[in-house]
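Same order as they appear, the protein sequences are chains A and B. Here the working numbering is used: the first residue of the first sequence is 1, the next is one more, and so on. Here the working numbering is used: the first residue of the second sequence is 1, the next is one more, and so on.
Hints should not be assumed to be uniformly reliable.
What the hints assert, rightly or not - Result set (DSBU-like, lysine-lysine): computed pairs, CA atoms no more than 35 Å apart in a straight line:
#  : chain 1 : residue 1 : chain 2 : residue 2
1  : A       : 533       : B       : 23
2  : A       : 485       : A       : 575
3  : A       : 575       : B       : 6
4  : A       : 575       : A       : 348
5  : A       : 694       : B       : 38
6  : B       : 38        : A       : 533
7  : A       : 398       : A       : 575
8  : A       : 229       : B       : 117
9  : B       : 11        : A       : 533
10 : A       : 30        : B       : 6
11 : B       : 117       : B       : 38
12 : A       : 229       : A       : 170
13 : A       : 204       : A       : 478
14 : B       : 6         : A       : 664
15 : A       : 664       : A       : 570
16 : B       : 11        : A       : 664
17 : A       : 575       : B       : 23
18 : A       : 91        : A       : 394
19 : A       : 204       : A       : 229
20 : A       : 446       : A       : 394
21 : A       : 216       : A       : 170
22 : A       : 170       : A       : 372
23 : A       : 91        : A       : 552
24 : A       : 398       : A       : 485
25 : A       : 482       : A       : 398
26 : B       : 23        : B       : 6
27 : A       : 482       : B       : 23
28 : A       : 216       : A       : 229
29 : A       : 575       : B       : 11
30 : B       : 117       : A       : 570
31 : A       : 639       : B       : 38
32 : A       : 394       : A       : 482
Said to hold, decoys possible - Not everything, but these chain B residues come out facing chain A in the computed CB check (under 8 Å):
#  : residue
33 : 6
34 : 9
35 : 48
36 : 55
37 : 79
38 : 83
39 : 86
I should point out that these hints are in silico values taken from the structure, not numbers from a laboratory. These numbers come from a predicted model, not from an experiment. Glycine is no exception: its CB is placed at the ideal position from the N, C-alpha and C atoms.
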Amino acid sequence: MDMNQYLSMFIDESNDHLQSLNENMLELEKAPDDIGIVQIIFRSAHTLKGMAATMGFEDLSSLTHQMENVLDLVRNEKLKMQDYIFDTLFKSLDALQMMVQDIMNGGDGKADVQSIVTSLQAIVRGEIPGGADSAASSQAAPAAKTASTGIQLDEFQYSVLEQSITEGHKVLYIEVAIREDCQLKAARAYLVFDLLERYGEVVKSHPSVQEIEQEKFERSFSLYYITQKDAAELQSMIVNLSEIESAQVMPLDHETLNQLSSGVQEAAAAGTAEAPATAAAAAPSDVKPEAPQTAAKAEAKTGARANGGAAPSRTIRVDIERLDVLMNLLSELLIDRSRLEQLAHEIKRSDLTETVEHMSRVGSDLQNIVLKLRMVPIDTVFSRFPRMVRDVAKSLDKKIDLVILGAETELDRTVIDEIGDPLVHLLRNAVDHGIEPTAQRIAAGKPETGTVQLRAFHSGNHVFIEIEDDGGGIDRDKILNKALKNGIVTQSEAATMSDEQVYMLLFAAGFSTAEVISDISGRGVGLDVVRSKIESLSGVVSVTSTLGKGTKFSVQLPLTLSIISAMLIKVGSEKYAIPLSSIVETGIIQRNQIRSVHGYTMVPYRDAHIPLMSLANLFEVADFDENAEEETEIVVIRKGERLAALTIEDFIGQSEIVIKNLGKYLPQVQGVAGATILGDGQVALIVDPNAFIK
Amino acid sequence: MGEELKVIVFKLGEEEYGIEVDKVQTIERMMPITRVPKTYSFVKGVINLRGVVIPVIDLRGRFGLPETEYTDQTRIIIVAVNEMEVGFIVDSANDVMDLNSDVIDSPPDVVGGIKAKYLHGVARISEERLLVMLNLSEVLNRSEIIQLESLED
Numbered sequence: 001m002d003m004n005q006y007l008s009m010f011i012d013e014s015n016d017h018l019q020s021l022n023e024n025m026l027e028l029e030k031a032p033d034d035i036g037i038v039q040i041i042f043r044s045a046h047t048l049k050g051m052a053a054t055m056g057f058e059d060l061s062s063l064t065h066q067m068e069n070v071l072d073l074v075r076n077e078k079l080k081m082q083d084y085i086f087d088t089l090f091k092s093l094d095a096l097q098m099m100v101q102d103i104m105n106g107g108d109g110k111a112d113v114q115s116i117v118t119s120l121q122a123i124v125r126g127e128i129p130g131g132a133d134s135a136a137s138s139q140a141a142p143a144a145k146t147a148s149t150g151i152q153l154d155e156f157q158y159s160v161l162e163q164s165i166t167e168g169h170k171v172l173y174i175e176v177a178i179r180e181d182c183q184l185k186a187a188r189a190y191l192v193f194d195l196l197e198r199y200g201e202v203v204k205s206h207p208s209v210q211e212i213e214q215e216k217f218e219r220s221f222s223l224y225y226i227t228q229k230d231a232a233e234l235q236s237m238i239v240n241l242s243e244i245e246s247a248q249v250m251p252l253d254h255e256t257l258n259q260l261s262s263g264v265q266e267a268a269a270a271g272t273a274e275a276p277a278t279a280a281a282a283a284p285s286d287v288k289p290e291a292p293q294t295a296a297k298a299e300a301k302t303g304a305r306a307n308g309g310a311a312p313s314r315t316i317r318v319d320i321e322r323l324d325v326l327m328n329l330l331s332e333l334l335i336d337r338s339r340l341e342q343l344a345h346e347i348k349r350s351d352l353t354e355t356v357e358h359m360s361r362v363g364s365d366l367q368n369i370v371l372k373l374r375m376v377p378i379d380t381v382f383s384r385f386p387r388m389v390r391d392v393a394k395s396l397d398k399k400i401d402l403v404i405l406g407a408e409t410e411l412d413r414t415v416i417d418e419i420g421d422p423l424v425h426l427l428r429n430a431v432d433h434g435i436e437p438t439a440q441r442i443a444a445g446k447p448e449t450g451t452v453q454l455r456a457f458h459s460g461n462h463v464f465i466e467i468e469d470d471g472g473g474i475d476r477d478k479i480l481n482k483a484l485k486n487g488i489v490t491q492s493e494a495a496t497m498s499d500e501q502v503y504m505l506l507f508a509a510g511f512s513t514a515e516v517i518s519d520i521s522g523r524g525v526g527l528d529v530v531r532s533k534i535e536s537l538s539g540v541v542s543v544t545s546t547l548g549k550g551t552k553f554s555v556q557l558p559l560t561l562s563i564i565s566a567m568l569i570k571v572g573s574e575k576y577a578i579p580l581s582s583i584v585e586t587g588i589i590q591r592n593q594i595r596s597v598h599g600y601t602m603v604p605y606r607d608a609h610i611p612l613m614s615l616a617n618l619f620e621v622a623d624f625d626e627n628a629e630e631e632t633e634i635v636v637i638r639k640g641e642r643l644a645a646l647t648i649e650d651f652i653g654q655s656e657i658v659i660k661n662l663g664k665y666l667p668q669v670q671g672v673a674g675a676t677i678l679g680d681g682q683v684a685l686i687v688d689p690n691a692f693i694k
Numbered sequence: 001m002g003e004e005l006k007v008i009v010f011k012l013g014e015e016e017y018g019i020e021v022d023k024v025q026t027i028e029r030m031m032p033i034t035r036v037p038k039t040y041s042f043v044k045g046v047i048n049l050r051g052v053v054i055p056v057i058d059l060r061g062r063f064g065l066p067e068t069e070y071t072d073q074t075r076i077i078i079v080a081v082n083e084m085e086v087g088f089i090v091d092s093a094n095d096v097m098d099l100n101s102d103v104i105d106s107p108p109d110v111v112g113g114i115k116a117k118y119l120h121g122v123a124r125i126s127e128e129r130l131l132v133m134l135n136l137s138e139v140l141n142r143s144e145i146i147q148l149e150s151l152e153d
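Turn these sequences into a full structure, and let the hints steer you where they fit.
Listed below in structure tokens is the structure:
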């Protein structure tokens with residue numbers, strides 16, 4: 001079978017499982033006694049194992065298998081979670097991550113994980129370095145092995161049984177032993193099956209029916225059975241057959257079925273591709289069949305499926321490149337749309353105008369949908385941070401609480417892909433430099449555990465991401481001294497710099513305030529890389545800090561990088577687009593309203609005066625001069641809290657525009673955020689008002 | 001014998017220049033150009049080439065020649081080098097020529113200074129006709145432009 005078509009699915013799902021494993025391990029670390037979490041982890045690991053084995057990634061599956069052995073002991077309360085086990089499991093997760101990464105890059109996912117495997121095996125044997133429970137668990141281990149019998153069910157059989165229990169049928173697990181001196185074992189077994197099939201349905205037996213018919217079994221066989229008969233009644237009926245030594249009939253409910261057929265659910269989850277293992281695990285008692293094959297059967301029986309339970313997944317995965325193509329096609333369509341609108345306006349035929357108007361509405365809806373398709377919750381980036389902060393904090397011997405807020409905030413996929421690395425850096429920075437060592441915290445009268453808050457929220461057409469720690473804050477003098485020493489600023493510059501300007505020095509190339517270069521921060525990439533990355537996304541990063549109280553890094557990013565609403569305006573013979581997101585309002589001012597305040601031109605706006613700038617001047621437009629006008633159109637623009645007014649010649653109107661870049665050749669032009677193509681095919685520059693407000 | 005080359009021939013003033021044909025995407029007639037403020041003086045602005053925004057530069061300006069009015073003969077040659085797409089405004093472009101790399105000599109010593117860098121070589125087509133082969137990556141080299149601009153300041 002050609003596995004390639006499944007590879008991307010495998011990679012996606014493996015990543016999901018690894019993510020969930022990481023998250024749940026962190027949860028478990030907080031509550032090591034919560035067997036529920038262990039179950040979830042076990043299932044995820046089991047699914048991962050199954051998937052890897054199916055795809056032929058042996059190393060991956062065998063490592064997961066070892067992890068599973070450990071987890072199995074834990075969930076059966078034969079082994080207590082402790083630091084060493086956590087560390088080993090986390091190490092295993094890292095190794096798995098690397099293997100999946102390798103597969104993603106076209107490798108075969110092989111890795112030398114012998115040392116981890118050895119550690120895991122040692123844990124299973126109860127050899128835990130410095131562990132107190134080692135004696136107890138070493139005895140427990142073999143016991144757990146023998147205890148975990150049960151027949152492996154496939155997902156279909158499992159869901160049939162589940163369904164039957166839900167519908168009130170009796171589901172029994174039967175073990176039949178035939179007398180040792182029996183001559184015709186197969187015949188006796190046949191009698192048992194014959195009897196059972198009269199009163200119900202054998203779902204699965206072990207060994208299989210064929211093997212039993214060929215006498216390929218020792219003395220006993222076991223089976224899953226659905227019936228309406230009473231367990232005790234059946235048992236006596238079976239025992240009454242000749243040459244049967246014993247029959248054990250065990251009625252099953254959801255839970256016992258689940259335990260007996262351990263791991264079946266995970267297989268089911270893997271089969272349906274989308275069912276989140278965690279959801280299945282969270283509500284084991286009302287798991288509904290999720291495999292498509294079972295649907296027909298389930299519906300044939302009753303409508304039980306309809307009421308509640310885990311709803312089948314309603315999402316699909318789409319290759320991001322296809323979305324990009326969709327987006328490009330849509331931008332072409334939008335440009336043609338505005339061209340059509342313009343033509344319809346000129347031709348003035350009502351049926352054409354109506355059609356074009358309708359098309360415009362459909363176009364807008366389409367655009368909204370496509371944009372939404374590309375929106376991804378920032379959680380996909382944030383979710384990898386708890387693990388990272390844990391590791392960094394542990395290696396620095398600090399206690400740190402990472403609080404994540406607003407993980408549901410959505411951002412365009414293009415931004416999401418790029419923002420991870422800078423955030424990692426800022427977080428490391430907060431943990432490494434921000435939060436003080438524990439002793440220092442206690443001395444300062446602060447709680448022993450430092451807090452790092454990671455927040456995301458929307459504001460206008462921007463997303464803000466803030467990383468705030470309650471650490472020692474930034475020492476202004478220390479930075480200045482360092483900057484002076486490195487020749488980044490001169491003495492005279494230093495004297496006049498504001499706190500904010502000083503903090504921004506942190507982002508200068510080759511600047512590090514760490515006294516000792518630690519493992520974490522001494523990697524040759526400084527905050528300057530963070531800044532250039534964020535700026536390449538048309539974002540802004542800033543720092544605020546209070547000495548002794550903590551530091552806050554704030555990152556402002558555009559919501560999407562492709563289509564925006566804008567106001568088209570005219571200055572002389574040139575047309576420009578100003579993003580609506582930064583426009584507060586538009587208006588007309590009289591010449592005599594313009595004031596000169598301390599050398600700046602200002603206009604009254606509401607209760608205050610705001611700076612007035614001429615777009616014609618800023619962009620050196622040759623054929624327009626508002627000084628000749630008595631009345632001037634203005635656009636009030638905003639950057640954060642600050643306002644300013646731009647004078648322009650005329651408004652053309654509001655329009656959806658597709659942002660295009662100016663090409664690689666042109667250097668960054670201040671005040672220009674890109675270009676767009678207008679309805680008449682002309683290019684108009686997009687004004688970046690942020691650049692005008694300092 | 002050297003390699004066979006196909007070149008697009010265009011004119012700036014009286015001189016003829018050549019660009020290898022595989023670097024040229026299309027040749028367009030003059031079209032509306034949107035000015036981009038605060039950029040190099042020889043960057044005339046950006047055009048819409050079938051949905052793609054492409055900067056255009058006046059090659060005369062780039063080479064420090066006096067810029068002239070655009071005429072019916074004026075063409076924009078769209079070239080793509082190092083993932084950069086740029087339009088060159090030239091006086092005229094109307095020939096495609098097969099050349100053998102043997103006829104291309106290194107730039108003569110008499111052409112000195114900054115300008116020599118832009119030349120890949122000079123092709124002798126006949127006794128009277130010389131074709132200046134452009135070194136496109138140098139023509140589009142921005143770091144060098146920045147130096148040049150600061151020299152002028």
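Hints, verified against the model:
no.: 1; hint: 533/A - 23/B; verdict: holds, 31 Å
no.: 2; hint: 485/A - 575/A; verdict: violated, 48 Å
no.: 3; hint: 575/A - 6/B; verdict: violated, 40 Å
no.: 4; hint: 575/A - 348/A; verdict: holds, 24 Å
no.: 5; hint: 694/A - 38/B; verdict: holds, 18 Å
no.: 6; hint: 38/B - 533/A; verdict: holds, 24 Å
no.: 7; hint: 398/A - 575/A; verdict: violated, 57 Å
no.: 8; hint: 229/A - 117/B; verdict: violated, 96 Å
no.: 9; hint: 11/B - 533/A; verdict: violated, 42 Å
no.: 10; hint: 30/A - 6/B; verdict: violated, 71 Å
no.: 11; hint: 117/B - 38/B; verdict: holds, 26 Å
no.: 12; hint: 229/A - 170/A; verdict: holds, 7 Å
no.: 13; hint: 204/A - 478/A; verdict: violated, 73 Å
no.: 14; hint: 6/B - 664/A; verdict: holds, 27 Å
no.: 15; hint: 664/A - 570/A; verdict: holds, 26 Å
no.: 16; hint: 11/B - 664/A; verdict: holds, 26 Å
no.: 17; hint: 575/A - 23/B; verdict: holds, 32 Å
no.: 18; hint: 91/A - 394/A; verdict: holds, 14 Å
no.: 19; hint: 204/A - 229/A; verdict: holds, 18 Å
no.: 20; hint: 446/A - 394/A; verdict: holds, 19 Å
no.: 21; hint: 216/A - 170/A; verdict: holds, 29 Å
no.: 22; hint: 170/A - 372/A; verdict: violated, 47 Å
no.: 23; hint: 91/A - 552/A; verdict: holds, 31 Å
no.: 24; hint: 398/A - 485/A; verdict: holds, 30 Å
no.: 25; hint: 482/A - 398/A; verdict: holds, 26 Å
no.: 26; hint: 23/B - 6/B; verdict: holds, 10 Å
no.: 27; hint: 482/A - 23/B; verdict: violated, 49 Å
no.: 28; hint: 216/A - 229/A; verdict: holds, 29 Å
no.: 29; hint: 575/A - 11/B; verdict: holds, 33 Å
no.: 30; hint: 117/B - 570/A; verdict: violated, 41 Å
no.: 31; hint: 639/A - 38/B; verdict: holds, 22 Å
no.: 32; hint: 394/A - 482/A; verdict: holds, 29 Å
no.: 33; hint: 6; verdict: violated, 25 Å
no.: 34; hint: 9; verdict: violated, 23 Å
no.: 35; hint: 48; verdict: holds, 5 Å
no.: 36; hint: 55; verdict: holds, 5 Å
no.: 37; hint: 79; verdict: violated, 10 Å
no.: 38; hint: 83; verdict: holds, 6 Å
no.: 39; hint: 86; verdict: holds, 5 Å
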